[in-house]
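S.K.: Order-wise, the sequence lines are chains A and B.
With this note's numbering, the residue at position 76 of the first sequence is 76, and numbering never jumps.
With this note's numbering, the residue at position 104 of the second sequence is 104, and numbering never jumps.
It is possible that part of the hints are untrue.
Said to hold, decoys possible - Interface residues of chain B toward chain A, partial, derived using beta-carbon atoms under 8 Å: (1) I9; (2) A17; (3) C164; (4) M199; (5) Q202; (6) F223; (7) A224; (8) R226.
Said to hold, decoys possible - To be clear about the criterion: a stretch of chain A counts as covered by chain B if any three or more of its residues have a C-beta under 8 Å from a C-beta of chain B, and this derived list gives those stretches: (9) 134-143; (10) 181-193.
Rather than coming from a laboratory, the hints here were simulated on the basis of the structure.
Where is the CB? At the ideal position from N, CA and C, for every residue including glycine.
There are 2 protein chains.
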Amino acid sequence: MPELRKDPIIGRWVIVATERARRPGNIVESLDQGIRGKKEDCAYCQEQKTILFSKKIPSRGKTPSSEIRVISYAKSFFKTDVNVQRHFHGLYEIVKGFGMDELVIETPEHMTYTPDFSVDHLTALLNVYAARIKTIVKNPDIQHVLVYKNYGALAGSQMTGHSCSRVVGMPVIPFHVKEKLSGAQDYFKKQRRCVYCDMIKQEIAAKTRVILENKNFVALTPFAARFLFEVWILPKKHSCDFTDSSQSVQKDLAAILKSLLQKVREGLGDPAYNFVIQTAPIGMREENNIKNYYHWHIEILPRLTRVAGFEKGTGFYINSIPPEATAEFLRGVP
Amino acid sequence: MPELRKDPIIGRWVIVATERARRPGNIVESLDQGIRGKKEDCAYCQEQKTILFSKKIPSRGKTPSSEIRVISYAKSFFKTDVNVQRHFHGLYEIVKGFGMDELVIETPEHMTYTPDFSVDHLTALLNVYAARIKTIVKNPDIQHVLVYKNYGALAGSQMTGHSCSRVVGMPVIPFHVKEKLSGAQDYFKKQRRCVYCDMIKQEIAAKTRVILENKNFVALTPFAARFLFEVWILPKKHSCDFTDSSQSVQKDLAAILKSLLQKVREGLGDPAYNFVIQTAPIGMREENNIKNYYHWHIEILPRLTRVAGFEKGTGFYINSIPPEATAEFLRGVP
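Please construct the entire structure, taking both the sequences and the accompanying hints into account.
M.R.: Now the structure itself:
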């Protein structure tokens, strides 16, 4: 049974597999396979036995296979059949790996990827994420729900050749999310304003880091970007909760997301990337006026370079191209 | 001129190159070369024009080439000829890339690596690190000095074929260091004890995660290890400052370091790794009783797996082998 372990010094949770069966071996080789799966072998092309949720993809035929399907992710580190008990061993805190880990099969079609989807299809996908989050947070042991997507082997994708994403409900709040919350809260305490709202205002005025904009969203490269071509998509209207968005707002998001992913694919040669929805953790919704100070957003992290040791060991990232230049480049990609 | 940019939300500093000359291009290819350099082409085999510091390697001949040599790192993001001025643009804080970046040529011999060095040679190398830190911190604009080593292309090494490490003085405190300091300070406030001292006590009693031990040091896999085979070396006696160690303590450290690096090389098939000395930042030495709550240590981070998107986007690391198993495995390597 996997478990969550808390670093006793900085408080970061780490998921640790505890099956001693897996021995240190040729780990590098086993993770380095980057071959895209064939349609014949693809489990996600086939009909799924247990569908948790499904949604029709608009403007498609009425066959059952023209749906976005959500299934339970079989290989997950998080299991639903455990109790969320906290254990302490001296300094150390452990939570058993309880959680809900769902796999979203974004399309019935093999080898069709997110930027190829129509805006209506992408809107439906965002609706599916929101619906699953709303269901998962009903479990009182869930503290946070993470929606993310890995594309390409370098980004940690399993390269099945089938476009998938994940919705994961977990019993703790990830460190990176906590950092953002705590920083935004500090800013709010001093300024009585949302730091993200202030940032959006400054960025739209400066223009240099803005890539795309529509009525409800802005896509930009962050001022202190950790990664080359890191992009954030932020709703212009303040909201801490991704699931609060109306259908027209979701459609605007789908449109900006599609354009952006197309630019990344065309401009950067179809790189691996990660996509994460950063929304307020359910476990803190009622606390400390989180509604006032947190602002949900999406991070898109292309994986163009290996993270060097310097960054890894120190948390000190080196970005070898200024975000202004990457924004300018992406603006120019048709 | 590179600059340091502070993330306005979480306060993390990022080094950003600002030369617009470097255009987005075939970035992946240019960083992916993993070929070890030939002796004929190796700049570090040749006599160095400007040596900042040198130290004789014990039990070697008296030729000038039997020395550890320290030179200024030419390709550094940090430059000595800039003023440390802080600028604000609205929300954003920038510090010009002032800093001291030194390259330690660990040995005159090409293709001889750290685990091959004698204990006396390694002790001399640790002495060099301490001497350079002591010199660099005399500059009042330096807030922190980082000593690290990248071995292998996956760890960000330039693969010159010549064993080198870096000593970098910087005008800000890296985020990962700040996290450790703040966590240790919180613990001290509550418990009036050093969290690292408590951890060492618990680990030595439990034995399961201890790999090696000698009079002054313990090497262990941390309870909430982020990476497979992550190892920390900690001094048993409380001290916040790496440079405070006596010669006999440095020799003990050299001995444990040599054994550990040999185990990593033999047991894991000569993997890429990063090595970082985590010592108290000079900019905070006088503050908040840092001497009481911080405990210097070394982190060794083998790079056996690609960091997947889940980790990258969320700060939520997944470790697929429990640290108890990796410790047991490394204990067993002769």
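S.K.: Closer than 8 Å between Cβ atoms is the bar; does B/A224 clear it against chain A? Give me holds or violated.
M.R.: Since chain A brings a Cβ to about 4 Å from B/A224, closer than 8 Å, the hint holds.
S.K.: Restraint: B/F223 near chain A, CB-CB cut 8 Å. Satisfied or not?
M.R.: B/F223 check passes; min Cβ-Cβ to chain A is 5 Å, inside 8 Å.
S.K.: Can B/A17 be said to touch chain A, with a Cβ gap under 8 Å?
M.R.: 5 Å, holds
S.K.: Using a Cβ cutoff of 8 Å, are there at least 3 residues of the stretch 181-193 of chain A near chain B, or does the coverage claim fail?
M.R.: Our answer is that it holds, as 4 residues pass the Cβ test (under 8 Å) against chain B, meeting three.
S.K.: For the hint on B/I9, just tell me whether its beta-carbon gets within less than 8 Å of chain A.
M.R.: Holds, about 4 Å.
S.K.: Taking a Cβ-Cβ distance under 8 Å as contact, does the stretch 134-143 of chain A have three or more residues in contact with chain B?
M.R.: violated (count 0)
S.K.: Given B/R226 as an interface hint, is its Cβ closer than 8 Å to any Cβ of chain A?
M.R.: Holds, because the Cβ-Cβ distance from B/R226 to chain A comes to roughly 6 Å (cut-off 8 Å).
S.K.: So, B/C164 near chain A? Judge it on the closest CB pair being under 8 Å.
M.R.: 12 Å, violated
S.K.: So, as I understand it, the hint says B/M199 touches chain A; can you test that by seeing if any CB pair is closer than 8 Å?
M.R.: 6 Å, holds
S.K.: Checking hints one by one. Is B/Q202 an interface residue toward chain A, by the C-beta closer than 8 Å rule?
M.R.: 5 Å, holds
Checked against the numbered hints above, the structure violates hints 3, 9; every other hint is satisfied.
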